[in-house]
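**Q** When the letters of the sequence shown are read in order and numbered with my numbering, they come out as residues 48 to 145.
Keep in mind the hints are simulated off the structure, nothing from the lab.
Treat the hints with care, as some may be off.
[Unchecked claim] Cross-link-like lysine-lysine pairs, in silico, DSBU-like; alpha carbons within 35 Å at most:
# : residue 1 : residue 2
1 : Lys-77    : Lys-61
2 : Lys-120   : Lys-77
3 : Lys-113   : Lys-77
[As the list claims (entries may be wrong)] Derived CB-CB ranges, DEER-like:
#  : residue 1 : residue 2 : range
4  : His-83    : Thr-109   : 30 to 38 Å
5  : Ala-85    : Arg-119   : 17 to 25 Å
6  : Lys-77    : Arg-117   : 16 to 24 Å
7  : Gln-112   : Asn-52    : 28 to 36 Å
8  : Asn-106   : Ala-85    : 33 to 41 Å
9  : Gln-112   : Asp-54    : 30 to 38 Å
10 : Tyr-108   : Phe-53    : 18 to 26 Å
11 : Arg-124   : Gln-80    : 25 to 33 Å
12 : Arg-107   : Ala-85    : 31 to 39 Å
Cβ atoms here follow ideal geometry from the backbone N, Cα and C, with glycine treated the same way.
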Amino acid sequence: MSHANFDHMYLGIKLFHQGRFHEAHEEIEKFWQNYHEADRCLYQAFIQICACLHLIDENRYTGAQKVLERARKNIFRSETIDKNHMQNLKDRKSTRLN
Numbered sequence: 048m049s050h051a052n053f054d055h056m057y058l059g060i061k062l063f064h065q066g067r068f069h070e071a072h073e074e075i076e077k078f079w080q081n082y083h084e085a086d087r088c089l090y091q092a093f094i095q096i097c098a099c100l101h102l103i104d105e106n107r108y109t110g111a112q113k114v115l116e117r118a119r120k121n122i123f124r125s126e127t128i129d130k131n132h133m134q135n136l137k138d139r140k141s142t143r144l145n
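With these hints in hand, go ahead and build the complete structure from the sequences.
**A** Put into structure tokens, the structure is as follows:
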């Protein structure tokens, strides 16, 4: 992954902290589109949280609630991936020791 792609994430975080959620969403999505690691769903959740906050700014609460629920699912999916990854590492370590 190129250094330039990480610039999108850094800019997205900066925009997020400035409360510019729609713009943050756009920048982080540029990062996410080229990111293909196992924790990709965690970045997708961050994008969805930006979208949720943008919808709240526009008083679109029903849409915000739906987007937030999708973000929650992606966060839990990320936790499952992490647990499976840790178990695989433990399994490999115990196999090498035997």
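**Q** Would you mind marking each hint as holding or not holding in the structure?
**A** Hints, verified against the model:
Distance check on the hinted pair: Lys-77 and Lys-61 sit about 15 Å apart at the alpha-carbon level, within 35 Å; holds. Taken as a hint, the Lys-120 and Lys-77 pair is honoured in the structure, with Cα atoms around 21 Å apart against an allowance of 35 Å. The straight-line distance between the Cα atoms of Lys-113 and Lys-77 is roughly 22 Å, inside the 35 Å bound, and the hint therefore holds. Separation of His-83 from Thr-109 is about 32 Å and conforms to the stated range, judged on CB atoms against 30 to 38 Å.
Under the hint 17 to 25 Å, the C-beta atoms of Ala-85 and Arg-119, about 19 Å apart, fit the expected range. Judged by the Cβ atoms, the range 16 to 24 Å given for Lys-77 and Arg-117 holds: they are separated by roughly 19 Å. The hinted window of 28 to 36 Å between Gln-112 and Asn-52 holds, with their beta carbons roughly 31 Å apart. For Asn-106 paired with Ala-85, a C-beta distance near 36 Å keeps the hint of 33 to 41 Å intact.
Checked against the hint of 30 to 38 Å, the C-beta distance between Gln-112 and Asp-54 comes to roughly 32 Å, which is consistent with it. In this structure, Tyr-108 and Phe-53 break the distance hint of 18 to 26 Å, their C-beta atoms being roughly 33 Å apart. Taken as a hint, the range 25 to 33 Å is violated for the pair Arg-124 and Gln-80, whose Cβ atoms sit roughly 18 Å apart. At about 32 Å, the CB distance of Arg-107 to Ala-85 agrees with the hint of 31 to 39 Å.
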